[in-house]
Structure formats: structure tokens, C-alpha cells
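Novice: Same order as they appear, the protein sequences are chains A and B. Our numbering runs 259 ahead of the 1-based position in the first sequence. Our numbering runs 259 ahead of the 1-based position in the second sequence.
Treat the hints with care, since some could be wrong.
Note: identical chains are not told apart, hence a pair may lie in one copy or across any two.
With a straight-line Cα cutoff of 27 Å, these simulated DSSO-like cross-link-like pairs (lysine-lysine) come out [claimed, not checked]: (1) K679 with K619; (2) K382 with K543; (3) K639 with K685; (4) K474 with K355; (5) K623 with K685; (6) K301 with K291; (7) K619 with K681; (8) K560 with K623; (9) K623 with K679; (10) K560 with K675; (11) K421 with K320; (12) K320 with K514; (13) K681 with K560; (14) K665 with K282; (15) K639 with K675; (16) K357 with K296.
By construction, these hints were calculated from the structure, which means they are not laboratory data. This structure is a prediction, so every number in the text was calculated from the model and none was measured.
If you want the building blocks of each chain, they are given just below.
There are 2 protein chains.
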Amino acid sequence: MSSFPDYDSIYRKNVPDSAEKDKVKKIVERTKTSIIKILQEKRISAEVELVGSTSKGTNLKGGDIDIFIVFPQSFTRDEIVKHGLEIGHRVLPDAKEKYAEHPYVFGYLEGHKIDIVPCYRIKLGDRVKSAVDRSPLHTRWVIENIDDAMRKWVILLKVMLKSLGLYGSEIYRSGFSGYVCELLVIRFGNLENVLEFFASSNRNLTVSFGNNNVKDESPLIVVDPVDPSRNAAAAVSMENLSRFRVLSREYLIEKSERYFSRQETENVRIHERGTVYRIISLPKPDLMDDILIPQVQKMRKVIFSMSEAGGFHPIDTEILVTDRINILIELETCLRPGVIRHYGPPAYSTQTHNFLEMWKNREKLRGPFIIGDRIAVEIKQERDFESYIISAIKEKDIGAHLNRLKEEIRITNPGKSASKLKIVRKYLGRTVFND
Amino acid sequence: MSSFPDYDSIYRKNVPDSAEKDKVKKIVERTKTSIIKILQEKRISAEVELVGSTSKGTNLKGGDIDIFIVFPQSFTRDEIVKHGLEIGHRVLPDAKEKYAEHPYVFGYLEGHKIDIVPCYRIKLGDRVKSAVDRSPLHTRWVIENIDDAMRKWVILLKVMLKSLGLYGSEIYRSGFSGYVCELLVIRFGNLENVLEFFASSNRNLTVSFGNNNVKDESPLIVVDPVDPSRNAAAAVSMENLSRFRVLSREYLIEKSERYFSRQETENVRIHERGTVYRIISLPKPDLMDDILIPQVQKMRKVIFSMSEAGGFHPIDTEILVTDRINILIELETCLRPGVIRHYGPPAYSTQTHNFLEMWKNREKLRGPFIIGDRIAVEIKQERDFESYIISAIKEKDIGAHLNRLKEEIRITNPGKSASKLKIVRKYLGRTVFND
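Pulled out of the complex, with its shape left as it was, chain A reads as follows:
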């Protein structure tokens, strides 16, 4: 490894030390043994496999341990879920259940998070019965194709992505999964080659290992070598890919270590922007991020698009989840015109008479008159943002859990205190370096 940046030292800081490795090894052995014992006791012919980064030697310090119980396809889905949950709860004290495509349990042993996940045994080329069935194949493929040098580069790539807020394929993160990091390094050999790939000016980026049957139109395609019709990088959002492309170019020029540790937002200078802020907030329900955050993002989109449709000219939004869900919106105005144009049928339609009749005795501010080839009137509208957006949100789906909290939505005007608020500072501090 080159001397600047000091990749070796960054690597050592982020990889588990030998004590952690020993400890994890023991936890894995103990857990596998317990599971096997229960399977024998229940006369179930399933196998137990360590999968994920720990099994591949690409795990960051303090990483999760993923243990899969691999069932033959003769079991029903209900059976493997039932057995999986039961075994998980017996092996992990205080385990909690979590829902990916099907339920599994997770818990903590000596400070390490352990997932115990039931899945089906499939062979290369088989159709999966559940999304997690591919994991054992992924693990095997990576182990067969990676070497120790590459393992180090995977760690460094993960550290960089994590520092930049681009690591994790969960829907609310929309970044790069550990598996995608491994595939990229296996394909390009080392970190800088991976970054060169993203720094290129190709509009769409595709990585493949021979066959490519991906139909997907994502901007980034990393063909899954164990299933060439699957895009392993489907989770990566356009914004995150864009950010990584810009940052790859910058990194290759400046090679600074700051890409390997989380940057605090610089001191944000608060400028007079000649706009208004509103904060729309509601209580945070007790949900895991992967359930909650997509709903918060949906709500944010609804707020932005309804503000736009309502004529308040929103500029941008920001989310900050504390004990409440807070959505900041910056608007050109919170007092829209008191007049709105309402278009009727085109002038060639014989419906123009009905339109004129309909508006004859109604209150209007102007018209009916012709705009282009349409008949139109201008009528009065409420000007106030707060009452508009409250009722606009009420008519929209903002996700199962947040829908129930609509009555508790509160809108605040941070006014002159905006500059003191964390959410405003986060909003104004947004750069290519942070998410």
C-alpha cells in the first residue's frame, strides 16, 4: 500500500483487532453449536452457516454477525419462519424480531449484534424463494474470488463510504451494501481503481462478471455474479451515486485522509436568504428506522410537492428525527396570492357554454376570459401556508404509521431563531461531503 494517504494505518484503525477476532470466532462457534443442538433435538435437517462480512473477513470493527439457518426446500415458508424465530429466541437472550422479507431475530452477545435468519438452500441458477436465500451463495462466491489484499481494500472502501454517509443498502440510506463493495474491489483490484471507475465520464456505469441479464435502468448496475439478472446495486439512489462520483474525482486529486472519517458540518454561516422557513413536526412513533424513515421521506415528498402545487414555491426540505419527526421546508413565501386561475374547457369544446353558465353568478376575481385556447376564470383562494399544508397532508398517504398521527402535526415558524436550530444548520450546511 502507498504511503500517502496512509492506507495501512486507516485500515488498522477500522479492522477488528486480534482480540475482537478471537472473541467473535468464539461467539460464532458457541452460537452455531447451540443452534445445531436445537435442530437435532427438533429432528430438523437444516444447516447452520456463518454468512456476511464476518465470514468473508471484510468486516469493520464491531460489525454484525450473520448466522443463517439453511432449510431444505421441502419446508414451507411458515415452518422455516416459525423454527427460525423459535431458535433465535432460544439462542439469543432478549432477542427482538425484525422483518426483512420474512421475520428473523437479532440480539446482542458480548456487545456484538447477531442476526439469526432462516432461509432456503438454493443452488447457483435456482430461483430464490426468499430474498435472503442468495446470501450463502454470495458468501461463497466472494470467498472464492477475494484475496487478503482485496480484503483490505474492501475495508477501506467501506470506511470511506461510511464516512461520506454512502454506506448501507437499507431503503432509508440508499447507499452501497457491503456485498457491492466486495464486488467492486474484486472487479477492479484496489480502492483507487474503484474510484477511477466512478470518476469516469460514462453516463451509466455497469460492472459485470461475464453475463449481464439485468433489465433494470438504474444509473449504477453491478451485476450479481450469482444471479446475472439481478442488480446488486439497485438500492443506490441517483443522488448518492452522483455524490460518490463527484467525491471519487476529488479524492483522486487530493488524496486526503478526511475521506476516511466522518466530517462534521463546517461552521455554517447563516445568511439572510429572503425566504421563510417552516418546521412541520409530529411525535416520533416507536419504530425501527427501516420502517420509520421511508414514511418520513414520503411525508417530506408530500410536503414539498403539495407546497409546490399550492403555489408557495418551496426551495428545499430537510429532515431531522429527534424525539419528534421534524421536516424543515424553505419557501419563497408563506403567503401565496389571494387569486388562483381555474382553467375550463378548450375553446373548441361545446362545453364552454356550461362553463360560462356555471360561473355566471359565482364570485370570481376576473374573467371568464381566454388564455391561449382555454377559457379560464380567476377566483379567490386562502393565502396562508399553515392551514393549506395541514389540510393538504390530511388528504395524502404519508405511510401507515404516520397517517395515524396527522392530528398531532404541528407547524412552527422558527423566525429569527432559525439560525439557532440544528435542522436549519443541517439544511444550510449541506454539501457534496454530507448526506
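Position chain B against the provided structure of chain A, taking the given hints into account.
Specialist: Same frame as chain A, now just chain B:
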């Protein structure tokens, strides 16, 4: 003619009485004789023809008299213009020159406006050498195809169109020419049939007399019977056609006489609209309407589109020409945000580094950050409408004559006195009934 509405009485009110007819006849004879005398004196073998509505018996009270001097094609363009102007000035005291496609003169005799226009003799099917060459053919075709009943309907159609502000094919009017009125009545037989045609729900309207070689994509096509590749109604704007279609339907339902006399704008109730008005004005140069008005309309479009581009969210504009040219603009705000987003290259472009370098040390309000697949910054901008629009107009072409007056543009804020201003009342009083 039917008894209600009293078409006969409307007709009588608008057609020249016999005294006027006699007087016009004498003026025409006298003028033609003078012109012929000059032609003989100059040994020019041109002919003199009365064309236009007077010659066809479709003229409104006090209408213009069009006398054409028809030259053989052996004359050059310069020659016919020179002779035409010279003869015009000799025949008409205090004549002025006017520019259609080529110069001609007009003046007044006993209160009647007379045009003296040089043109080339062409036969049916010949290519025209100047746009006015078709007029003698139009006159002949109409005379051959019209009867007295139709003449009355043409008068009534003209009166209706004039009352509605839809009569005249000059560019600043964009309405129906007298010739188009004649063609419509000849084609459909009477006024109500013409209106039925416009009241239909056909998206595009076409009137033809056999052949139709018009390539034009105008919403209204009236094929010129003397040149089937020409759309005689090309001047009619989409807005005017739309207005006439809507009003044709209304008229056929209510058959009110108010469609035959200019309606004064109803008492406009001034409502609070929660918007702002600005009046942009400059001195009116001493020009004829057909030169001036297109420039004023150009200026109005520039003001609207630049206000939109500048983020002031214009609603609509109005023109009022008095001793000054006044353009009213209604805006959502005259104080736009103090921040504007400036987009850089897409994230896949290797130019992102230059963009980041460029903005590194410049003042910015936010970013550089990623929006979608683009890199962007937000920077400061002046908020004020007045200074923005003044410099925006300076950069744009608003027509040869108005360009020279840019330094004299004045912007006023009518504020609370808006409701007292004629231009605001005209603006707010706009309906399908007025232009």
C-alpha cells in the same frame, strides 16, 4: 331576415346611406380619372381599379376606399413604387406614405380615407410578385360569387367582429379581415351558419372552395379561392379564434343585440388579490399603430418572460397606450428570494472538479451540493423587481423604435391607487367579450 334579433335594423345602422354611397362613387370616379390622366401623360400603360369592400358592396359606413394602379409585369419593382408614390401624392392632398410589403400612399378626400396602391397584373394561378397583387383577383372572385343577401350578412358579420374587437387582420389586431368575412358568408350562406361553423367542436377549422393546398398549421384555415396554397385567415391568432368560438356558441343561444355594438367594460369590482402591480411606461413615439403596437406587444412579452425567468412569478399583463406606452404587470411578488440556485455539470461529467474549484473561495449561501444528478450551489441575488427588470429589458430587443427609448423607461407602483387606474380596470375587466 328574421325579426329577432332585428338584423335589418342593425344592418341599416351600419351600412352607408345612399348619400354616402353617391359621394363615395363620385370620389372614386374623380380619383380614377385623375390617375388615368397622369398615366397617359407619363405614357404608362397601367390600369386603375377600385378594389376592396367598396368595390364589392360590403363596406361599412365610413369605410376606406382602395384604388390600385395595376402595372404590367414588364415594370421593375422600383418603377412601380416610384410611380405609385408620385401619382398618389399628386392625386391626394397631404398624402402620407405607408409601408405594407411595399410603399403606398394614403390620404383623405371629403372625410374618406383613400389608399392608392401600386401592384402587378397577375392572372389566376400566377405567382404573385408582391402581396397586394392578389387584391384585384380577390375583388373579382367575390363579385362573381356574392349576392345581395350575402352582402348584408357580410356587413353584419363585420359589425359583430368589430364590436367584439376581432375585426382586422393587421398584425396588432390578429383578427378577421374583410375578405375572410366575405369568404365565410359565401361558403356558409348566412351569418348564423357562419357562427354554427365556429361553434362546432372540431379542434381545427378549415373552409375551402374545392382545392386546398394550404401547408400552414394555423388553427383556422380559410383557403383562398384565388390561390389554394394560401390561408386567407393566417392572421387570426389562437386567442382571437378561441374567443370567437366561445362567443359564437353564446350568441347562437342568446341571440342578443349586444353582440353588434361595442360593449363597455362592466363596472369592475376591485378585489384584494394579494398580489402586486407595477406599471412600466415610456414615452409614446410618433408612429402609426401598425408599426408601434407590434413593438409594444414585443415589449410586453419580454417583460412577462423576463419577470418569469427572474422568479417574480408574473400572473398577467395589460397594455394601455395613451400619451405614454403603459404596460401593467401583476406579480406574485416584487421582492424575490435573496438566494438563487446555480446548477453546474451533471455528476458524471469530469467537469465537476472545475466547478468545485471555481466555487471554492466564492461567496455562496449553500453548497456545492447534489440535486438529483447535478452539482449545484446557491448564491445571493438582488431581490428587487424594479432594478432587475430595467436591466433585463436593456439586454433585450423590444423593437427598433422602443429600443431607443429604454433610458426613459419608468416603473411605478400604483399601490393603493391601483383601483383608480384605467389600465388596472381594463386588466381586471377582461372577459371573453373584450380584447
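Novice: Going through the numbered hints above, which ones does this structure break? Give me the numbers in ascending order.
Specialist: 2, 4, 14
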